[in-house]
Every structure is written in structure tokens, then in C-alpha cells.
Amino acid sequence: MKKRAITGLIMALVFIPLIIFPELVIPFQILMTIGVIIAGHEMVEMFNKEKPMGTRIKVITILLTLILFIATSFYTTKLENLNIINYIGPKFIIAVFLIVIIVLGLLVFKDDFKGNDIGKVILTVFYVGLGASSIVILRVLGLRFITYLFLTTVLTDVFAYTIGVKFGKHKMAPNISPKKSWEGAIGGTVVATIIAGTYGLLFGKIFPSGLFNPEGYKTLVDGISGLGNLDLLGQGLIIFPLTILLSTVGQIGDLVASKLKRTYDVKDFGNIFPGHGGVLDRFDSSFFASMFLVTMIMFLTATSLF
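In this text, residue positions in the sequence shown follow the UniProt record's numbering: the first is 1, and each later residue adds one.
Read the hints as simulated data drawn from the structure, not as lab findings.
Check each hint, because a few of them may be wrong.
Claimed, not checked - Straight line, CA to CA, 20 Å or less: simulated EDC-like cross-link-like pairs of lysine to aspartate or glutamate:
1) LYS58 / ASP117
2) LYS259 / ASP231
3) LYS267 / ASP281
4) LYS267 / ASP111
As the list claims (entries may be wrong) - Simulated restraints on C-beta separations:
5) ARG4 / ARG262: 15 to 23 Å
6) VAL108 / LYS166: 53 to 61 Å
7) ILE34 / GLY8: 15 to 23 Å
Think of the CB as a built atom: it goes at the ideal place given N, C-alpha and C, for glycine as much as any other residue.
Kindly produce the complete structure, drawing on both the sequences and the hints.
Structure, rendered in C-alpha cells:
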């Protein structure tokens, strides 16, 4: 427990400044790039326990993950008006085309690369690559989105565990994660929705202007497809349901990660964080939640273009 607490404190001291200070976007991207390499390695090593992948396939998988991550997250300092599609779309399409060609090439020219190996490579590339790039995109879009993401996922995790330990009676997925209960999951989502949803609704009052809110946004959805023109109640009717969904998706991501670990008989994805496990052990729910949140922003922004 002491080791876990010390590691958590060090992670917070490193990660929080990179999130909240705009000048540290590039160092944040560099750190996430390192994280992608480590997370990709964690995935291929997990798959390797079932069937040896070979060094060449491992390296190619990690490189493809990096390609997708870089294509969809670098140069996002030019993101304006939340228009993610125009900036990321073309590079995403090119990256996916390249990935498909290379994977199919492996299938054709490498005899020991079978159909189920395609799934392992694709899962690694898109789960890690898009999950990490979504976090970077939210970071570039501004403090309100990245803090809202982590506030939701962290509160969900903490209170799902706390409430589950105290009141949990009905197991959610006993064969995947025996300690998770429906009471904990619902309780975690309720607490996260109240706190993170309120934060999103009152963002402009918490950070009226200046370093952390240079654009002067009033709420989480201010500036998205005219949603900022709604009154506070109207915006709340968007933010709070969004938070419920975000919390739920994060928990689904946690369960998916647990299922993978059960399937391949590993306790943790890695051990880079003493007491916490690997990169994926810390970011499993955040990867899923960030992809969902970026998708929602893209959808809401796109509706204003028609």
C-alpha cells in the first residue's frame, strides 16, 4: 500500500502540471509517445504468452501503433473551433490505409502470421494508438476537456471501489472481475456525474479567464455547435447525461482490460508503476472514455457544419 501511494504521488506530481499548463503541451505529447511505446509492448507481450509473436511482428505492431498515434495527435496545436475532423481526418485515413496494407502484407508473405494474429495487431494499434491520441487531443483542446475526462474516470474508479467494498452485494462480472459489483458501478457513476458534471457546468465560474481559460468558455460545451447559447439548464441537460455515458464507457473499458488479462492469464499488463502495474493498468478506462468523448465532440461539432 505504501509503495502504491508513493508511486501515485510521483505520477500526480509529474502528470498534473503537464495537463494544466498550456506551455507544456509538447512535453505532454512526448510523455504520451513514450507511454504508447510501453503500452504497445505490454499488449504484444500479453499476446505472446498464448503464441510467440516473434520479435519482428512485435516491433511492427508497436511501430504501427506509433504511426496511428502520431498521425492523429501531433500537430494538433492548430486545432481551432474544436474542428477535429478537418485536422485529423485526412491523416487518420492515410494512417489506417497504411496499417491495413502492412497487416495484409504480413498475412500474405509471413507463413506463421495467421488470421487471428490480425486481430491481435489491430486491437493493439487501435486500442493503444487511438486511446492515447484521444487523450492528447483533449489536452490540446484545453483544460476543460482533459480535466473533465480524468475527473470523471478517477472519481468513477475511486467511488466504484469504495462503495462496492462497503455495499456491494451483486457481482457485475464475477468471471472477469470478481471484486466489481453493480452497487459500486452505479455508485461510482452517480458520484462522478454529480461532481464532474457540476465542474463541466460551472467551468467558467471556477476558471473565469486567464491562463486556464483564455477563451473565456463558460461551460464544458460552450463553443460546440452553438450549445453555449443554451441557458444553464439546457447545457446541464447535455453535460450530466454525457457524464453518465462517459463514466459508463470508462467502466466498460476497465472490464475489457480485465477480460484481456483473464484471457491471457496475466495479473497486470506491466510493472512500470510499482503497486499500480503497467501503463494500460492505469489508463484502461481513460483510453475508452477519451475515445468516446472525442467522438462526441466531433459529432456535435460536425452537426454545426450542415
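Against which earlier hints does the structure fall short, listed by number upward? 2 and 4
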